[in-house]
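*Asks:* Chain by chain, the residues run as shown.
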Amino acid sequence: MGTTMLLKDEVQMLRRVPLFSNVEPGKLKLLAFTSDRVSYDPGEAIFHQGDTGDAAYVVLAGKADILVDSSTGPIKIAEVETNSIVGEIAILCDVSRTATVQTTTPLEALRIRKEHFLKLLTDFPEITIEIMRVLADRLSHTTSELSEARSRARKTD
Amino acid sequence: MEKNIARYIWTHTKGQQLWILLVVAVSMIPYFLSFDLPKQIVNGPIQGEGFDQPGATQLFMNISFDLPWLGTVTLFDGVELTRMQTLFALSMVFLLLVIINGLFKFYINTYKGRLGERLLRRIRFELVDRILRFPPSQFKRMKGAEVSSMVKDEVEPLGGFTGDAFVQPALLGGQALTALFFIFMQNTWLGVIAAVMVGVQAVIIPRMRRRLLVLGRERQITARELAGRVSEIVDGIGTIHAYDTSNYERADIASRLGRIFKIRYDLYQWKFLVKFINNFLAQLTPFLFYCIGGYLALQGRLDIGQLIAVISAYKDLPGPLKDLIDWDQTRQDVQVKYVQVVEQFSVDRTIDPSIQAVAIKDAGSIKHPLAAVNLSLADDSGAKLLERVSVQIRPGETVAIVGGAAGGGEMLAEAFARLTWPESGKVTAGGDDLLELPESVTGRAISYVSSDAYFFYGTLRDNLLYGLKHAPLQDAVYEGSGAAHRKWQINEARLAGNPDYDVNSDWIDYTAANATNRDDLFAPVLSVLDTVQLSKDILDLALRSIVSPNEHPGLAEGIVEMRHALRDELEEAGLSSLVVSFEPGAYNTEATVGENLLFGTATGPALIGKAIGKNAYFRSVIGRSGLDRIMFDMGYSIAENAVELFSDLPPDHPFFQQLTFMTADDIPEYQLLLQKLKGKGFDAASEDDRGQIIRLSFRYIEPRHRFGLLTDELMAKIVDVRRQFHEGLPEEMRGDIERYDPEHYQASASLMDNILFGRISHKHTDGSKRIRSIVSSLLNSLGLLERVIDIGLDFNLGAGGKRLTAVQRQKLNLARALVRRSDYYIFNRPLPGLDHRLQDEIVRDVLKLVRRDGRDPAIVWVLSNTALSSLFDRVLVFDRGLLVEEGTPAALAENNGIFKELVSS
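Protein sequence lines, in the order shown, are assigned to chains A and B.
Using the working numbering, you'd call the opening residue of the first sequence number 1 and step up by one each time.
Using the working numbering, you'd call the opening residue of the second sequence number 158 and step up by one each time.
Misleading hints may appear alongside valid ones.
Said to hold, decoys possible - Among chain A residues calculated to face chain B with C-beta under 8 angstroms, some are:
1) L6
2) L7
3) K29
4) L30
5) F33
6) T34
7) D36
8) R37
9) S39
10) E115
11) H116
12) K119
Quick caveat, the hints were computed from the structure, so don't treat them as lab data.
Note that the Cβ used here is the ideal one computed from N, Cα and C, for glycine as well.
Starting from the given sequences, assemble the full structure and let the hints guide the process.
*Replies:* Written out as structure tokens, the structure reads:
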């Protein structure tokens, strides 16, 4: 069975995820073991905007689009790369999914259930700090984009 | 109900009581004859009295009477018998009398027992009948368990007492009087002494018993309250856990038990004190005889022979007297219990029996408007819930009732359902007061649903069709012994004043459910289940259940056929990877190693659970092929991995959910085992250790656990060993395993497993959801849906329907009413637990459903979601018990009234 990815391969892949790069391999193996391995066909939605969030996903292979509903239909706001994490906001803030994630290629992911993810954060401060770093990074991105958009809007006025 | 137990018993059993008295009187004759006979045998043939000469004979069985005026009447001359012959003849007569006495006793006891049991049946039925006729307000003050303990336990002693109620005092009184009479005959003065002492006993003892009666009453009430509290604990267990009040409950129960103990102990003390005094008084009489009688005899004023005769006659007095006093004690006890129960069941304003009379024929419908006339309703405290409301619901009209939480609309709906009785004014149908119409009219023409659903212990089907069971419409057919038994049932029921309706008859009113008989009931039922969106839940229940193919002939074949259809369907949808099927010659990667090896469900004791590790045949098969070594190594790796992953985690860590082959407690055990076996391998391991390790590999699923332990060669080997295992399976083990067979139904697996005949792949997160919807549409297209839903309807709801979720219960409650054809449907916020979208859908569908086939019933719907009122012809707006607005939804929306406020909020 060559297609089955094994735990040790997953650990290798998880190490490449920036979020987990500082976590010791033993813990990563545990994380991999307690997560579900899921695969998606191209064009399949991993989750929909408005769903209740019950899990976060670590993309091991493949790509996906992040889409947000608007009056004119879905707008693509970003792309999910291999080795990144998606869906963590909904389980951290207890809100429904803020966007739809739809695959563009065949995609392999680890599905970390909400209660496991939260347990992970309390057990391993290094992961928590890393998550904070990722979120802060995104926030600064968003802030700079917002200020850019505002200055642009002012210019067009 | 009659307050006096003796009168109650006499009214219902006087004929039998007189008969048994007569029988008892007759039975006295052989009884007394048998007393005299031993003396005759000893004195006559044994000691030789009257047989002075050898060869002397005596007349045996001479029956003659000396009657006044007629002289001697001889019925039988008798026969001359010798001494030996007389001995045998008299002994035979003795034996005969023993048998006759025994038979009399047997007859009397059975007769009395039957008498008591019939009366018990009568009174129990009467009590339950009264419960069925209590006014609704009564139930706010009653605890179910207390009432049931009254019906079940508290009237129980009545049965035992009934047979003795009149016979015992007559018999014992007679015996006591006879003994007293004998004493009088011997000596008047001593007779007077005995009579006075009896009189003293008769006065003092009942007086002392008064306290006993008070205690007895307390004992009864406290025991009943205990029953009520125990059932409260059972019903309120959720609340108790939620608020950590279990110790408060413990304290309450302990203090109640303490009180009961005290009462019972007091009772014992008094009882034995009374007994002591009673015995003392009984013994005082002989003391007086000895003392005074002896004194008189010594003085020469009394003949010694007389004194001895009196004393010997007295020994017959205390026995019956004591029994009589005991009987009186029982009588008072039973009387107290009876009065206690009867008081609880004496309620004003019970429903007249004629209103609940059974109506076999269609009782007719309500073609007139349903109207509240000047109706006021109040709660228990007297607070007005509805004030002088007059409103009319015309046939065929749809009316929405809206308003705030205590607006009064719900109360009006309850009044239409006869659940709340008017304080003043009335509810009428045509010109008749609704409360005076027979329930066979109101209970069929009006269907009422509220959120407060009650379900009876039984299947979903029983509860769904409950509202159709008004009368035994089609008698059950009995043959042979069954018919005889039915005849007996009817006869006995009548003798105990019970109705003789047959619970085995077909009570379901198919016409009212839009069907003609059992066979075409499914279509209307399914449309109702679809309307309330319950059919999917029922389908799921069915798919999860294990079904015996013998009970559902033809279903198994259909399911097996469906396996292929499902394959094709999945293939067509490009989802063939969703389910990995079991194939006899291939390894199923989504199933455990154990499942792959056995390729079947263990059903017998030889292979179930841990037994398989000890089974000699199984071990020989895996030993021969060398698989045991491989599985040992595999298990060893699994243990290593598990220990490495989990040994640092606390046992309650949520990650342990993922560890399917071990529990948290096993981890340290395996840690030790691994140390012990390190570097030793299979051969050095003990039998038990091998078993422990191999066990782990049984539960291993590669795509799930991902330790990388299965190679293609190993999988091929497992499939090969599987083949060997099944080929060589000894005859006696054939019944211990049910093999996976693509062409056969598996009786030990659930319906869903049988349809899938494989495992859902772990790769797809929503795999089981997708499969479910494909399966359901496939069942429909293959015509199997009806049979499968039918299995779902067999689901047992448990006590009060607790095995369903709250939402399912509300849906079922609504479905139960929609199954019935009624002229009026009253829906009183029936679906509060559902979200607005679902409520919206169901309300629309219900309005459509009840108008199917050109029917035109009226609908009154108390809405929790005011926005839905646009679906109705007319809206009634209630506020603080008053009907404040009324009109079409459009007209009301124009007004700047409460309705507009409600809709916009």
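*Asks:* State for each hint whether it applies.
*Replies:* Outcome of the hint check:
no., hint, verdict
1, L6, "4 angstroms, holds"
2, L7, "4 angstroms, holds"
3, K29, "6 angstroms, holds"
4, L30, "5 angstroms, holds"
5, F33, "6 angstroms, holds"
6, T34, "4 angstroms, holds"
7, D36, "7 angstroms, holds"
8, R37, "7 angstroms, holds"
9, S39, "5 angstroms, holds"
10, E115, "5 angstroms, holds"
11, H116, "6 angstroms, holds"
12, K119, "5 angstroms, holds"
Hint violations for this structure: none, all hints satisfied.
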